[in-house]
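Residue numbers (the numbering used here), protein chains in the order written: chain A, 1 to 526; chain B, 1 to 526.
Think of the hints as simulated: they come from the structure by calculation, not from any bench.
Keep in mind that a hint or two might mislead.
Straight-line distance between alpha carbons at most 25 Å, and here's what the computed SDA-like set of lysine to any residue pairs gives [claimed, not checked]: (1) B/Lys26 <-> A/Glu367; (2) A/Lys506 <-> B/Lys303; (3) A/Lys132 <-> A/Met180; (4) B/Lys408 <-> B/Ala292; (5) A/Lys18 <-> A/Val328; (6) B/Lys183 <-> A/Glu367; (7) B/Lys506 <-> A/Asn446; (8) B/Lys312 <-> A/Asn525; (9) A/Lys312 <-> A/Val328; (10) B/Lys38 <-> B/Gly366; (11) B/Lys502 <-> A/Asn446.
Number of protein chains: 2
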Amino acid sequence: MITWSNLDTLASFQELSKVAHVDLAKTMAGTNGADRVKKYSIPMAEGSVYNYAAKQVDDDVLAALVKLADEAQLAEKFEALYNGEMVNTGEKRLVLHHMTRGQLGDAVTADGVDKRSFYVEQQQKIADFANKVHAGQITNAAGEKFTTVVQIGIGGSDLGPRAMYRALENWAKKNNTFKMEAKFISNVDPDDAAAVLNSIDVAHAIFVLVSKSGTTLETLTNESFVKNALKNAGLDASKHMIAVTSETSPLAKSEDYLAAFFMDDYIGGRFSSTSAVGGAVLSLAFGPEVFAQFLDGAAAEDKLAQNKDVMKNPEMIDALIGVYERNVLGYPSTAVLPYSQALSRFPAHLQQVDMESNGKSVNRFGEPVNYPTGPVIFGEPGTNGQHSFYQLLHQGTDIVSLQFVGFKNSQIGSDVVIQDSTSQQKLCANVAAQIVAFACGKSDDNRNKNFEGGRPSSIIIGEDVNPKTLGALLSHFENKIMFQGFLWNVNSFDQEGVQLGKVLAKRVLAHETDGALQVFSDLLNI
Amino acid sequence: MITWSNLDTLASFQELSKVAHVDLAKTMAGTNGADRVKKYSIPMAEGSVYNYAAKQVDDDVLAALVKLADEAQLAEKFEALYNGEMVNTGEKRLVLHHMTRGQLGDAVTADGVDKRSFYVEQQQKIADFANKVHAGQITNAAGEKFTTVVQIGIGGSDLGPRAMYRALENWAKKNNTFKMEAKFISNVDPDDAAAVLNSIDVAHAIFVLVSKSGTTLETLTNESFVKNALKNAGLDASKHMIAVTSETSPLAKSEDYLAAFFMDDYIGGRFSSTSAVGGAVLSLAFGPEVFAQFLDGAAAEDKLAQNKDVMKNPEMIDALIGVYERNVLGYPSTAVLPYSQALSRFPAHLQQVDMESNGKSVNRFGEPVNYPTGPVIFGEPGTNGQHSFYQLLHQGTDIVSLQFVGFKNSQIGSDVVIQDSTSQQKLCANVAAQIVAFACGKSDDNRNKNFEGGRPSSIIIGEDVNPKTLGALLSHFENKIMFQGFLWNVNSFDQEGVQLGKVLAKRVLAHETDGALQVFSDLLNI
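Bound conformation, chain A alone (with noise of 0.2 Å):
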């Protein structure tokens, strides 16, 4: 029996505020700090392995949230989702984007079908679909291969896809699955359009129009302008357009597409990667067979999710220190920091799914909290943060929690030895200096040159960024993220903060407003 509870009114939570806070500088020195970079490590799928010795937390500490784990039925809440209960309850939907990339627990029928049989059947048509664009049986009306796929979404239809596009563009050219360059079209600033318009052979190039609704305001103007510049290049629009949208959109059964591949209701936005939203441009780009490998990755990692285990469970572990360090600590954001120029976007891809999964001031019954939700994400790639906002991380006046990921090897392979070390040696010996730096940091006289220490970091590190592991990586965020909402009591599958600011621009562009509202209007010259 599931009980959904407010964090502050588990006795767990209670005990969890009373244990002694672990000085982590202290903790972290000589050799008790070796210990721990052995000892508080997990494994993850693909080889990887989330590290969060450099974390404040001791045996007493993860006692305590293995309790709150247990006490807030993370794993059951968990269980209950990916069997197909309602855990959507202020949209009255489903939760089933796990079942995108496998099936975790029961078979979940819902409109009339089994939905894991429907989400691999939109897989395959798409793996069928890129393969004739790949061997020139489905071409532009001129009979020529399509060499640029476009995407136009914005969001989750956006965001999730470019950054994995990102993170496996120079992977794919190494090892010669790279099928055609992808682009994104997603801001309704018409700059955006132009240019990528302007960038590429608009003759050659496949769009692919992503909006679950069909509705998307964004969206649907930015297919016009595409359709306008088709039609001013003389080319027919309808053969160089596909959907991706849910069957009941209105898109879903135009003859202006090419194509239409399917998502629903139950796969959010933001957690549409592995679904067709993803799916379709992927697939397009780099061949079917690398995204059925990315999706691999994310299932194997899901599995790992379902461990009852806590301490055997990264996503579950990774999940309760944060609420430990929002809630207990009290730090208020937390940086995300790949080194890895291949997730260069990645950052701002998890921005998203945890700001807006979990950026609630309501539980799910749609009562007020007293307690702080989800943080403030932030990040870039290292070593590039490192000559930019580190200041700040280092010896500012708040905390930041900081979440590595490194890799042990390059995507490339071209390195060069510059002082007897490669650029990838460099990279690595970064990372694992900056943990040590924030963890321990380094007494000075000179107070300027003073590193108090004490903040936090955990790190994933994987073998390199590759199919798999990349979907392990965004099945390990994914997935702590649903454990924040857990905890937090809040509904992280909805997003009704994104209403108000649609209306009133509905308002705007009616020419239906008034007050301050109507005052910006014209000092913007609408």
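Guided by the hints, dock chain B onto chain A, whose structure is given.
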């Protein structure tokens, strides 16, 4: 006589802390809201305007802020800075980045030369060089024109120039001043350099090596990476590289470069976009006239920042409100939200300028401060962010201070009318709507759909993103951050917090580690 005092020792700050807080949702409603939008607005340079109507201020708060500016001697401190006082006391350096674009006060002599003349001379040398490259008078060894410029730099030598390049790329194309594409290599991750090199025609590329000290690990490593690639392509690297550095650096007189252009120790990396650091790459990409216009815009805004009438000084008011939000209202982070795809990397640049300048825990005398200093800064362009992290901004448990930027017109001018409005109108309608949605909220019996409002924002509105408005925008934020540093009594011009990580990374590479650092190094296969 200037006195450097901690914020909390100022009587005016104590007074400010006692002023009644403004109920933003209430005050921004109805005709009062409309009046505020008209009233709380300050002209900026180049036709832009800074509007703070939706900030949590009223005439009482503003009066207290004016007193604070006065007691903190903001105008006098700025005057001392641009007249050549050694404001960067930690590193014992002058702070002269304003002088790269104009002369605000006295002539300043340092290193035996008039510094304004020195910066102008460097700008002129770069202009001559760029003109010769564009005219085909400086070419590759085969006598062929260069078609791509690649900046090799990190931190301040990367983020600013990259953001400015992105901001003006489409403007330059539209206005027929686009000379060549620019690319950027920054990360020590070998995949960064390898991917850029794979994407260009190296035989026709000119590389700009940027490092003030000439010792930056990442930059020298990437230089070797590039030289290797040039050698492998049978090319003479010295015919493809220029250096931007200080006159005392090892790079300054090397024969490895076609030319060297200089900055000096009085230009902090993060404030170097208007020096040779931005000048070389932007003049090569867009022509020196465009770079000169960018400087003109910055110079014009700098002049406004001199205004001793606080209420007519957009940089000072912005700085003061930010400190009020941070130190009285307690908001821990600030989102920078440009409604312009051209400004997609502008927030990443500001993240450095702000967090590296003011993320400090000690005052300029090296004494710990008892109050929060620089906030976390993050942001993405609108409308993209609306479909991502705005959920937390609207309904999260923490209030995030918001800084919008909007433009009346697009850059490329290619647009489409859908449902009776252009994309540009939709973009502007959205930013206007967001300001009011954040400020006023909307009550709903369903608490999940309830918006409390009271979330403060300001907006800078410009005509369009062009070299001059961009320069003014950059100057606005640079000066805002400088004024905040004065208020917090920190040294905004050093960055000791980045040192420890560098030291430890070297130790890892030299295999001189033990404890936790050694085990992390093992895990990362270094």
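Violations among the numbered hints: 2, 6 and 10
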